[in-house]
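> Chains R and W, in that order, are what the protein sequence lines are. Read in order, the letters of the first sequence correspond to residues 1 to 267 in the working numbering. Read in order, the letters of the second sequence correspond to residues 1 to 267 in the working numbering.
Incorrect hints may appear among the rest.
[Stated by the list, open to error] Facing chain W, according to a computed beta carbon distance under 10 Å, are these residues of chain R, among others: (1) P90; (2) Q96; (3) R100; (4) I103; (5) E208; (6) A211; (7) I217; (8) L218; (9) V220; (10) E228.
[Claimed, not checked] Just a sample of chain W residues kept apart from chain R, beta carbon distances all over 12 Å, derived: (11) K3; (12) A37; (13) Q96; (14) N139; (15) K263.
Hints were generated in silico from the structure; no laboratory data involved. Please read these numbers as outputs of a predicted model, since none were measured by experiment. All C-beta atoms, glycine included, are put in the ideal place defined by N, C-alpha and C.
Protein chains: 2
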Amino acid sequence: MEKAIGVIDSGVGGLTVAHELMRQLPKEKIIYLGDTARCPYGPRSKAEVTKFTWEMVDFLQKKNIKMLVIACNTATAFTLNELKEKLDIPVIGVIQPGARAAIKFTINNHVGIIGTEGTIRSRAYTKALKKIKAEIDVNALACPLFVPMVEQGILSGERAKAVVEDSLEPMKNKLIDTLILGCTHYPLLKETIQEAIGNHVTVISSSEETARETSTILEVHQIQNKEEDIPVHEFYTTGELEIFIEIAKSIFIDPKLQMVTIKKAVI
Amino acid sequence: MEKAIGVIDSGVGGLTVAHELMRQLPKEKIIYLGDTARCPYGPRSKAEVTKFTWEMVDFLQKKNIKMLVIACNTATAFTLNELKEKLDIPVIGVIQPGARAAIKFTINNHVGIIGTEGTIRSRAYTKALKKIKAEIDVNALACPLFVPMVEQGILSGERAKAVVEDSLEPMKNKLIDTLILGCTHYPLLKETIQEAIGNHVTVISSSEETARETSTILEVHQIQNKEEDIPVHEFYTTGELEIFIEIAKSIFIDPKLQMVTIKKAVI
Chain R
1 MEKAIGVIDS GVGGLTVAHE LMRQLPKEKI IYLGDTARCP YGPRSKAEVT
51 KFTWEMVDFL QKKNIKMLVI ACNTATAFTL NELKEKLDIP VIGVIQPGAR
101 AAIKFTINNH VGIIGTEGTI RSRAYTKALK KIKAEIDVNA LACPLFVPMV
151 EQGILSGERA KAVVEDSLEP MKNKLIDTLI LGCTHYPLLK ETIQEAIGNH
201 VTVISSSEET ARETSTILEV HQIQNKEEDI PVHEFYTTGE LEIFIEIAKS
251 IFIDPKLQMV TIKKAVI
Chain W
1 MEKAIGVIDS GVGGLTVAHE LMRQLPKEKI IYLGDTARCP YGPRSKAEVT
51 KFTWEMVDFL QKKNIKMLVI ACNTATAFTL NELKEKLDIP VIGVIQPGAR
101 AAIKFTINNH VGIIGTEGTI RSRAYTKALK KIKAEIDVNA LACPLFVPMV
151 EQGILSGERA KAVVEDSLEP MKNKLIDTLI LGCTHYPLLK ETIQEAIGNH
201 VTVISSSEET ARETSTILEV HQIQNKEEDI PVHEFYTTGE LEIFIEIAKS
251 IFIDPKLQMV TIKKAVI
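Build out the structure end to end from the sequences listed, making use of the hints.
Here it is, written out as structure tokens:
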């Protein structure tokens, strides 16, 4: 049996990464763990996020994964370097792929980033962008209401629109031509965000970009799945199954992507 | 002194890759070699392209490069696997990055590819796409007039428009929502191609995508340039300096990107 790609997230946001992995890499099996019971990670300390992340990694390592995707910006900001160093499988986070896509897309070198308080406070995107291209001007904004809203299943409608418009107000008069959705929950609000920020801004989903780079990493390490069987994905949540399944259904609308089992995990 | 990224091409087409490398990775030094004297590679045999490519690689290896970018689709199709196997530095071609970007962008899974006879005959894009996502439907079309036209400096105007429209005619009634410019010369005709194929089609530049993946590979191997000096790039051509410089000037319009030396190379 071919090994799977392990995906971890603080909750349901990483499902947008899992969805893109399934769409862009349909031959690969995904084993996903969302720590919904302890979501959100955004307001937590580095020590706490690191502890929780290692608990998720230990759970997935018992399932014999060949690669790890940290599908959570907060966990990436706090733990990517440590996980890369200590694990003997390739590890990818969601920050560097989004940063590289922004560098590709921006023409005026003014890039906006929205994320959780933890991600924004860590300045991880700013560092990732400037490490590659120092002249990038970064506008970063924390949007603390987005994750709790998405975790409650509020993805569109008047309430979502009002929260998004209000949150993005400080970003609206900036010069940015590119906006990174620096949280894997945010692609679920992408249309509302695009509308609020305007069509002149390219909105980058770190989920799509992370799936794309996962494809590159699989090739670099020559660990692509070579079997022809259609993979049956495994999804686990530490929280309530019901709401997890409901949100998963709203993301995995393509019936071909529904070959998944969803279970409760104790970590 | 930090090592450079080596870039090889059959002529001036790879300059679009070099330009994107300089734009997306401004801290990296580029050493470029264009085999203009023996361009185009498109109609040549695999044996001949392989021999010429190795001659270019030998020239660049003496300059102590840390990574090799094969910025020519024909050379990638014929030599990527061999170069990856035999060289002890990371090697990237232009085909896989373009294929991965197409998989990310396409919604209806109908992807068009235009390239030289050699690239199209090799079916390298079709193989790269289907290896990752079997359900992608591929429409491939050779456009043998584009490279000689670009090498003569004809990049826009009525003559370019007529040639492009005529060449793309067989692609126009296809279902494609994504078109890969499967030749590094073609981004120089991008606007004319976009106009001819229609705005409903996402046109993918393998040059932009290759630069983006080069950034990923540098990070995977931890070989990013850490010095703060502004790099002075070196460009070499086996052909006439004058026309090479003229085309380079039309690509490197940003004055910050003009810190290059251009010399004649004997390989």
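> None of the hints should be skipped; say for each whether it holds.
Structure-based check of each hint:
no.: 1; hint: P90; in the structure: holds, 8 Å
no.: 2; hint: Q96; in the structure: holds, 6 Å
no.: 3; hint: R100; in the structure: holds, 5 Å
no.: 4; hint: I103; in the structure: holds, 5 Å
no.: 5; hint: E208; in the structure: holds, 6 Å
no.: 6; hint: A211; in the structure: holds, 7 Å
no.: 7; hint: I217; in the structure: holds, 7 Å
no.: 8; hint: L218; in the structure: holds, 9 Å
no.: 9; hint: V220; in the structure: holds, 6 Å
no.: 10; hint: E228; in the structure: holds, 8 Å
no.: 11; hint: K3; in the structure: holds, 17 Å
no.: 12; hint: A37; in the structure: holds, 32 Å
no.: 13; hint: Q96; in the structure: violated, 6 Å
no.: 14; hint: N139; in the structure: holds, 20 Å
no.: 15; hint: K263; in the structure: holds, 28 Å
The earlier numbered hint that this structure contradicts is number 13, and it is the only one.
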